[in-house]
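One-letter residues, chain by chain:
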Amino acid sequence: MATKNLLQAIHDGLVEEMRADDTVMIMGEDVGKAGGVFRVTEGLADEFGPFRAMDTPLAESLIVGSAIGLSVNGMRPVAEIQFADFIPPAFDQIVSEAARFYYRSNGAWNVPLTIRAPYGAVPGGALYHSQSVEAWFCNTPGLKVVAPTFPGDAKGMLKSAIRDPNPVLFLEHKRTYRLIKEDVPEDDYVVPLGEARVHREGMDLTVVSYGLMLYQVLEVAGRLSEEHGIEVEVVEPRMLYPLDKETILASAKKTGKFLVLSEANLTGSVSGEIAAIVAREAFEWLDGPVMRVGAPDVPAAPFAKPMLDFFVPSSEKIEAAMLELARY
Amino acid sequence: MTTPVTMPQLGESVTEGTIARWLKAEGDEIEKDEPLAEVDTDKVNAELPSPVAGKIEKLLVSEGDTVDVGTEILLVAVAGEEDESPTAEVPPRESADGEAPAEESPVAETTTELVSGDGAEQRTVAEANEDSGGDGRGEVRDAETLRLTRSSPVVRRLAEKHDVDIQEIPGTGTGGRVTKKDIEGYIEEREAEREAAPAVAATTTAPEREEETAAPEQERVPIYEGDRVVELTSIRRAIAERMSRSKHEAPHAWSMVEVDVTGLVALRERRKEEFAEREGIKLTYLPFIAKAVVESLKEHPVLNSVWDVDRIVIRKQVNLGVAVDLEDALIVPVIPDADELNILGLARKIDDLVTRARNRQLGPDDVSGGTFTVNNPGALGSMVSVPIINHLQAAILSAEAVVKRPAVVDDAIAVRSMMNLEVSFDHRVLDGGAALRFLNAVKRRLESYTLESDLA
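Residue numbers (the numbering used here), protein chains in the order written: chain E, 10 to 337; chain X, 594 to 1049.
Hints listed in this document are in silico derivations from the structure and should not be mistaken for laboratory results.
These numbers come from a predicted model, not from an experiment.
Just so you know, not all the hints are guaranteed correct.
Taking lysine-lysine and the DSBU-like style, the derived pairs with C-alpha atoms no more than 30 Å apart in a straight line are [to be verified]:
id: 1; chain 1: E; residue 1: Lys254; chain 2: X; residue 2: Lys754
id: 2; chain 1: X; residue 1: Lys754; chain 2: E; residue 2: Lys263
id: 3; chain 1: E; residue 1: Lys262; chain 2: X; residue 2: Lys909
id: 4; chain 1: X; residue 1: Lys909; chain 2: X; residue 2: Lys1036
id: 5; chain 1: E; residue 1: Lys262; chain 2: X; residue 2: Lys774
id: 6; chain 1: E; residue 1: Lys326; chain 2: X; residue 2: Lys625
id: 7; chain 1: E; residue 1: Lys326; chain 2: X; residue 2: Lys1036
id: 8; chain 1: X; residue 1: Lys617; chain 2: X; residue 2: Lys648
id: 9; chain 1: X; residue 1: Lys942; chain 2: X; residue 2: Lys1036
id: 10; chain 1: E; residue 1: Lys254; chain 2: X; residue 2: Lys774
id: 11; chain 1: X; residue 1: Lys774; chain 2: E; residue 2: Lys263
Which chain X residues stay away from chain E? Per the calculated CB distances, all over 10 Å, these [to be verified]:
id: 12; residue: Pro601
id: 13; residue: Ser745
id: 14; residue: Pro763
id: 15; residue: Arg813
id: 16; residue: Ala833
id: 17; residue: Ser848
id: 18; residue: Arg863
id: 19; residue: Asp903
id: 20; residue: Ile905
id: 21; residue: Lys942
We put the beta carbon where it would ideally sit given N, CA and C, even for glycine.
All chains, please: the whole structure from these sequences, using the hints.
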């Protein structure tokens, strides 16, 4: 075990998979020679050469499109979209091609493709470097969307994603890249896709969250326990699509109070899907309204710091929502 | 924007209040802090100041109704506030101010009729169209009212499963909602009670057992022609509850001493006119008694204490309660830090509290925090009384009427001004010895006054 941040854990996961399996390769803008804009792929070009750590043109449609072609021809590519904000040009390739390939070919071809994309608001990121895009992909059957938050999960889930026979969109909250550190096993291990994780147990309310928000939720949950004696159960879906309904519903039924918190804007969000599942399937166990907190429906995360501070749910807003629900 | 006003907490341990009288009607314009209603609680009657300025849209509670603290009691339309949500959407019409801005855009003009007009009317229309807002009896209520009267799915499910009447459970949720925890606690308690009486349950047959579990209803007295049934005011109910509780919980013991107050009577006679002229208040015996009590409490602090489950808490502060008779009720305003006042200070404070108590102007702070109570039935001519301890305090003192009586002074019979002084005390906290040492300390102080004593 060694203490790693999220960046290092993802780097290690990539390196280990590439060493273990010759068909695993990475491709994307500046991932080779430059080692990636966040240094995730640093050293990979030196070790594996320019064809397994491939720099591509600034053309996301091409990155994903050619990765699909490679994947149906025996490779296991990990395509990087430098910022999730840049993913729309590749949308057609992901949604219309990668997600449907297996279905369209009646099971003859599958697409073992992993697409990594850093998402989430960072100071100064603004319109092109801060969006949370998960909802666009979370109603696309055929695709798996994962968003691990902690380094240990990220490494284990990246390995699972690479080994998975289906296309997996692998989202990394870039604000947590260096923020969250923990001991990460150095041996070969995987964390299965599709299992939610209960970070702390509690009887008073359930909060489901992921990414930077999860990190803040855990902080606030600790504070509520100390200051108010309110015990919050915190659940991280880890895979956003399809969802681990079982774990989420079990927690909702246990506490009877349910809050979903994410940084994405609320309308049409993953939060909405989770809330709808709970409202329908845990109805008889609910002791309060199913609540959601998220960013307002504005076109993009703003540049100005005061506006960004308002846009991203703050600890104060999180605490207020949790207290309101606990006391309901 | 419509802002709800809730029943405030008008004192520690106050959980509900009665709207005695609305001072404003629907449609009235109100300023911030303008009185909205007279509110009775079990401790005080207070005026409720408005937390906001605006126009009263709707009174949600009728006069005479008792509601929990936190319950919304009226809706105020606050003028001139914009919708705060920074979305790019058009603000909802309901939130628009009654007066359409002068430079309305053409699009908005077509909807002027909707924008202007009484906010309350619009609300009613909106509600009437909302099918799901009904209560099944054709009555349409707003979501807020429904939230307070309806139970969550889990509470209803548990109530049905365990055969519980939800209305019997005191709710701790928002606005007094019964939460899952409330009903779980209630069921658990009920189970524990059932288990505690297994002997009875075991010997009874099934139907009888069912009767037992039903809420015990107390048998009422028969009512004959001409009888008048008086419903309890909240203050009467509070007195009833406190007195029963004190008598049930605290084992009362009682002692009396006789005090020769001839010197004090002479002093008061000599100074009372000058005092009334100078201070504008009557000089009564009460401040003298209060001062003697406070000083004696400092000497015998165990009387200035509280029984706390399985221990005794001796209070540092001396906050002296003074019982005031209100003809239909009794109220005990408190002189905080009474040990910091001299006779003049005590006289002023007592006069102020009594005046305000009689005018029903006491605030929540005036009646809370007492550590010891002085009762003064002597003012009404009482010779002997056995007071009930003001609940949770350790003791209460009664001062009786000052009367002239033959008394033995230096082995001769003399006419003296005498007063009986009694104390009821919680025998869990202290014993007769401590009570009498305290009583004698008060007696010693009251007997030490002479014509020449000053009023400091």
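Hints, one by one, checked against the model:
no.: 1; hint: Lys254/E <-> Lys754/X; verdict: holds, 26 Å
no.: 2; hint: Lys754/X <-> Lys263/E; verdict: holds, 17 Å
no.: 3; hint: Lys262/E <-> Lys909/X; verdict: violated, 49 Å
no.: 4; hint: Lys909/X <-> Lys1036/X; verdict: holds, 23 Å
no.: 5; hint: Lys262/E <-> Lys774/X; verdict: holds, 14 Å
no.: 6; hint: Lys326/E <-> Lys625/X; verdict: holds, 28 Å
no.: 7; hint: Lys326/E <-> Lys1036/X; verdict: violated, 61 Å
no.: 8; hint: Lys617/X <-> Lys648/X; verdict: holds, 10 Å
no.: 9; hint: Lys942/X <-> Lys1036/X; verdict: holds, 23 Å
no.: 10; hint: Lys254/E <-> Lys774/X; verdict: holds, 25 Å
no.: 11; hint: Lys774/X <-> Lys263/E; verdict: holds, 12 Å
no.: 12; hint: Pro601; verdict: holds, 17 Å
no.: 13; hint: Ser745; verdict: violated, 4 Å
no.: 14; hint: Pro763; verdict: holds, 15 Å
no.: 15; hint: Arg813; verdict: holds, 37 Å
no.: 16; hint: Ala833; verdict: holds, 31 Å
no.: 17; hint: Ser848; verdict: holds, 44 Å
no.: 18; hint: Arg863; verdict: holds, 60 Å
no.: 19; hint: Asp903; verdict: holds, 22 Å
no.: 20; hint: Ile905; verdict: holds, 27 Å
no.: 21; hint: Lys942; verdict: holds, 38 Å
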